[in-house]
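Chemist: Could you use the hints to bring the two separately framed chains together as a complex?
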Amino acid sequence: MTKTQVQLRVNGRTHELWVGTNRLLLDALHDDLGMADVRYGCGEGVCGTCTILLDGEPVSACLLFAVQVEGREITTLTGLPAADAESHPIQDCFLQAGAAQCGFCTPGMMLTALALVERTERPTREDIRYELVGNLCRCTGYTKIVDAVEEYACRRRGNGSHD
Amino acid sequence: MTGAFEYQLADSWEEAVELHRIWGEDGKILAGGQSLVPMLNLRLVQPAGLIDINPIGAVEPRVADDRLVLSALTRHQDLLRSPLVREHCPILAEGAAQIGNVRVRARGTVGGSMCHADPSGEIPCMVLALDGQLIAHSPRGQRVIDAERFLRSYLTTDLAEDELLTEIRLPIRKHGQGWAFLETVRRYSDFATVEVAATATLSSDAHTVTALRVVVGGVADRPLILSDELLSAAVGGTGRDDELRAVGAAAAATVSPESDVHASADYRRRLTEVLTYRALGKAIERGRAESKGAGV
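Chains as they are written, first to last, in the UniProt record's numbering: chain A, 1 to 163; chain B, 1 to 296.
No wet-lab data here; the hints were simulated from the structure.
The beta-carbon is built from N, C-alpha and C at its ideal position, and this holds for glycine as well.
Among these hints, one or two may not hold up.
Some chain A residues judged to face chain B by a derived CB distance under 7 Å, without partners named [what the hints assert, rightly or not]:
#, residue
1, N22
2, L63
3, V67
4, E70
Looking at chain B on its own, in the form it has when it is part of the complex (with noise of 0.2 Å):
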């Protein structure tokens, strides 16, 4: 059983932003309560005030000014369930069938993932590959936050104290873009050892590779997107099989993860290497076949 807590509704996110102020460092935010009620069962938190914006609600995914916009407060199978999410940006339908359980896909939220920032999360990483952004409320009003700006570290996101994350807003997929998530887990459902989240965009006679974006998460306190530099030998190649094992093989030597009980630093390496090699291979072919299936 948890603490003892004062338990606070919010019906919208103009009262959810007053009770946050109200409630300051006491407080804390209940969403799909997947990570948190975890940590007050086992009073890892014991938090004076729990604000729970579960009855505000997520409006559905919806598409404006060529982004996709979704809830904070979206849960993980919308994700896999929505059909304008599978269309606009799949990589996230992909990703999402890998979170947690059952259990933990209906009832946990994208929001509240990214405000977990936890480095091995695939929403975090996912959304940082679709350089998203993230809309903050707070009684001083709004902020928009890039998604690599938002993961500052473990656990920790750059959201001030009275900032309240309400929204997510993804560029949608390009013409001749293809995308792939990619993780090793022990088990389904356990958090990724490493995992990689991959988009490329191929040229419209879907010969060459014109643009690769790629982020590794679970090797440092935050998802790390692969620089330029590191997706050079890629980039304007025509995605043959040495290019990719090329930026594998400067990925994982970029990376410095930590060791732990589930697995040592080089083995860490290794999955860097071989998942951004297919992550890169998986994305690219879709994005010819993107490619040559819209010219016809």
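Next up, chain A with everything else stripped away, as it sits in the complex (with noise of 0.2 Å):
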């Protein structure tokens, strides 16, 4: 097949590759440029484990195919800043709230919560849970998650620790 140049624009830096036209952006993020935190889960966009923000929305990299999105901007987990060089502030929440345990949906959970807190200031569990629903996880069960998106929107408030 033939391949084409493309330039994509990811966590600040711009990379060029060569991908056939039916290279998913999954595959190249993940595949081509290295990318641990963008996985393949169903390749339906059902699971949520392939999500990346494209210019700030979370969409799944499973249904775009990379050529798609040249000149957009596209945001992984590692691509967040970090508040002290270590980790991001949603990072810190769900290392505290033990909502993590193999780990395969935390990178995209943690996306597509950002990009809800990003929107909606005060989130209720009900909205976190709405939100997160395409994002699935096989160990815990969720309460944790919610529990761990809440105290991440609290923080931001910047009212320090949840009630």
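Modeler: Dropping the structure here:
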């Protein structure tokens, strides 16, 4: 198949790569660029493990072709600005709440949650569950994930820890 | 990974129509890709050419001649965010919130949903309830298709092989008209087991129900419009509980859904009854509030 050159803007850096026109963005990010935080789960846009932010909106990288996203800003979990050079505040919240077990779903969960809190300053637990329904976790049972997102929203509002 | 295909970019609708003509049945149109790309990944479809119409871009929703005009490339989340949609066709915002997950709403398009024609999709059900029109373009020119004609059967539309859906036109809400979109799903984000879209028009004194339109999805090969006869127990009435229950029961007695692993035919009939009853109640209540609100 014909390969074509694309420039992908990922986490603030521009990458040039040659891809087949049918190369999924997911495969370009994970296999070609070695980004281990963007993961293949279902290939149908259902499970959320390949969630990335495309110009700030959560999308499934398994349902986009690499050739479609030239000129767009792609953010993955590792591209999040770290508050203290170690971790992003949402990572701290997940860690403290014990909201990850195997960790496979965690990057997608965090990116989806970030976009939610960006739009909704004070999400209810129901808002969080509604937004995260497209991110499947097979370990935690979700309660701690919802706790972590609630805590993150609370911290982001700047009133310290959740009461 | 998908099979190999030729990737074609369309920058304008004219170009898309031309590429669509050239590729014919070997080509597929790529809009939001939330149904098509899973099918490509599973190799259920293997087109020789994929025509990406995303670069055309969607013009903002607008109102012309008492109709809300949506580009086929309008994304579901645009329905949620557009103040114009909320004002003139608020049912679209109510239903769009129940489509897929947040990623599907970010990419999926109204035109794509119509053309995919899933019998339990939210967009087809609502467009039919609003008695919308679909605008199709081909090298032969433009055709206006009523939603009822457009939605033919499971994943089948009235579009000819060389026709491309470009626009959807929906009558804007009239004074004293209420609306409701309700669905039952196993989880948020699933396809509806059964869904109901309803509009109700109230008399100017907000007393009498003068018109109803109800569409039920998930119970046949396409969304079904309830006939005037089925609605007769409530049209001309005052929206009393027994009137609405009678319509729900009549609707349930009419549909012949199929059983599948998610729901039996009986359960779907029961959902048809309950959701029709509830949607009517909500639509009438809102119509009444609209009617009174505007009178002040």
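Chemist: Could you work out which earlier hints the structure fails to respect and list their numbers in ascending sequence?
Modeler: Failing hint: just 4.
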